[in-house]
Every structure is written in structure tokens, then in C-alpha cells.
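Novice: Quick note, the sequences are listed as chains A and B, same order. Taking the working numbering, I'd label the letters of the first sequence as residues 1 to 117. Taking the working numbering, I'd label the letters of the second sequence as residues 1001 to 1112.
Bear in mind the hints are in silico, worked out from the structure with no lab data behind them. Any given hint could be a false lead.
[To be verified] Cβ-to-Cβ under 10 Å is the rule here; a few derived chain A residues that face chain B:
#, residue
1, Q6
2, H7
3, K14
4, T17
5, F34
6, T49
7, C94
8, E105
9, F108
[What the hints assert, rightly or not] Capping the alpha-carbon separation at 25 Å, the derived lysine-lysine pairs in DSS-like fashion look like this:
#, chain 1, residue 1, chain 2, residue 2
10, B, K1111, A, K41
11, A, K55, B, K1056
12, B, K1052, B, K1111
13, B, K1099, A, K66
14, B, K1099, A, K64
15, A, K20, B, K1077
16, A, K55, A, K66
17, B, K1096, A, K55
18, B, K1099, B, K1068
19, A, K64, B, K1077
20, A, K64, B, K1096
21, B, K1111, B, K1068
22, B, K1077, B, K1056
23, A, K20, A, K64
24, B, K1077, A, K41
25, A, K41, B, K1049
26, B, K1094, B, K1056
27, A, K41, B, K1096
28, A, K55, A, K14
29, A, K55, B, K1094
Built from N, CA and C at the ideal position, the CB exists for glycine as well.
Chain residues, written in single-letter form:
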Amino acid sequence: GAVVSQHPSWVICKSGTSVKIECRSLDFQATTMFWYRQFPKQSLMLMATSNEGSKATYEQGVEKDKFLINHASLTLSTLTVTSAHPEDSSFYICSARDRLAGRDEQFFGPGTRLTVL
Amino acid sequence: GDSVTQMEGPVTLSEEAFLTINCTYTATGYPSLFWYVQYPGEGLQLLLKATKADDKGSNKGFEATYRKETTSFHLEKGSVQVSDSAVYFCALSKGKGGKLIFGQGTELSVKP
């Protein structure tokens, strides 16, 4: 199956700093990528939909100025958590949508654990 | 709004036991339904899906039937293995946008 990578896999930062998380589709082109947040023992919550070459669409309640998303190419989307605070500590997961002829499926990255001190 | 509810875990079974993980959904229209599996340290993987009522999705011995009358999509396997230990997520999707709405996940632990 298609492979999606995330970098870094974990990061610890100080409160007030910004952190960038990369999501890459390694063997397919993804016009659409999704960013999720997962709290311990809870579901994945969709934060935003990222379309290559256009602005991301954020879900209700997600601050677009705090969670900056850039989808500059067909294989890379980035999520930047700006001025991070301890409440932003979470597990962030991306997925990339593969829409080859006859297939429409999302492939998920392994996630990034963010801890804000 | 649309939502997915799964049975709470963790579920602990002995090897070769029968597995059922319940999933019910609330949605307008005709969603597609999915089961994803997350093995330790890995990303979510699509396990099976069904796109319309009465469809049965199946893969690796797992199966689930789209029941519109009960708004359910329960996951079953006749004989689990230790290697099936993972977290299982039920999800739905509507329309062409591809957005997925997930249940809270059910952790399965299979003991030898």
C-alpha cells in the first residue's frame, strides 16, 4: 500500500515556541491531506483539510492562526503549531488521499507526539 | 451532527476466541463506513469498508455488514490471533470531500 511519513515522530518544546510537523506521501501524489489530533484514549479529531495550492479548510473550533497548514506540493503538507502551550500537547496525525483511477483511499502517517513544557 | 460510537475497551480475549466490536453511527444521508486498525507504533490502516446498505466488507478474516435499519457496522472475526492485538477504529465518510469521522477506538488485546 501507499506510504505516508511524518517528521518528527516526537518533539518536546518550550511554551511559546513554534513547532513544524511534516507529512509526506512517499510513493503517490496527494492533492488532499488531512490533519487530525488525538488525545489519549480518545478518537481522532479532524482539524483541517489541506488542498495542494490552496488555503486549508479548518474545522469549527480550530484556530487557523495557531495551527498553520501549508500544502506546497503534491507530496508534502506541513502543520506549524505557533506559540505552543501545554494544552497543545497531543498526538498529531496526518493522512493523504490517494485518488488514482478506481481508488479513493486515505493513507495515514504514524503520528507525531508533541509535548509542550 | 454526524457521529460514530464504538464499544469501550479494552477488550481482552484468548487466542481463537470470537470477536465482536460494536459500532453504531448517526448520520444523515448515505455514508460510507470503515474499520481502521492501528498496530502499536504504526499509522492507521484501512481494514475494510462498505459503501451502501447491506454491503459486507471483509479482510484478513474480519468482516462487517452495513446495517442501515440499525445504523450499525459491527466488526467480527471468528478466531482471533495474538497478532490481531491493536486499536480498532470505526469511521464514516459522506460526500466527495473525503472527511472521516471516527469513533473513539477500541483496544483489543489477545492473549496466547
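Novice: Take the hints in turn and mark each one as holding or not.
Specialist: Structure-based check of all given hints:
no. : hint              : verdict
1   : Q6                : 8 Å, holds
2   : H7                : 13 Å, violated
3   : K14               : 27 Å, violated
4   : T17               : 26 Å, violated
5   : F34               : 7 Å, holds
6   : T49               : 7 Å, holds
7   : C94               : 9 Å, holds
8   : E105              : 6 Å, holds
9   : F108              : 4 Å, holds
10  : B:K1111 - A:K41   : 21 Å, holds
11  : A:K55 - B:K1056   : 37 Å, violated
12  : B:K1052 - B:K1111 : 35 Å, violated
13  : B:K1099 - A:K66   : 21 Å, holds
14  : B:K1099 - A:K64   : 18 Å, holds
15  : A:K20 - B:K1077   : 40 Å, violated
16  : A:K55 - A:K66     : 15 Å, holds
17  : B:K1096 - A:K55   : 18 Å, holds
18  : B:K1099 - B:K1068 : 20 Å, holds
19  : A:K64 - B:K1077   : 42 Å, violated
20  : A:K64 - B:K1096   : 23 Å, holds
21  : B:K1111 - B:K1068 : 34 Å, violated
22  : B:K1077 - B:K1056 : 13 Å, holds
23  : A:K20 - A:K64     : 14 Å, holds
24  : B:K1077 - A:K41   : 23 Å, holds
25  : A:K41 - B:K1049   : 23 Å, holds
26  : B:K1094 - B:K1056 : 18 Å, holds
27  : A:K41 - B:K1096   : 29 Å, violated
28  : A:K55 - A:K14     : 28 Å, violated
29  : A:K55 - B:K1094   : 22 Å, holds
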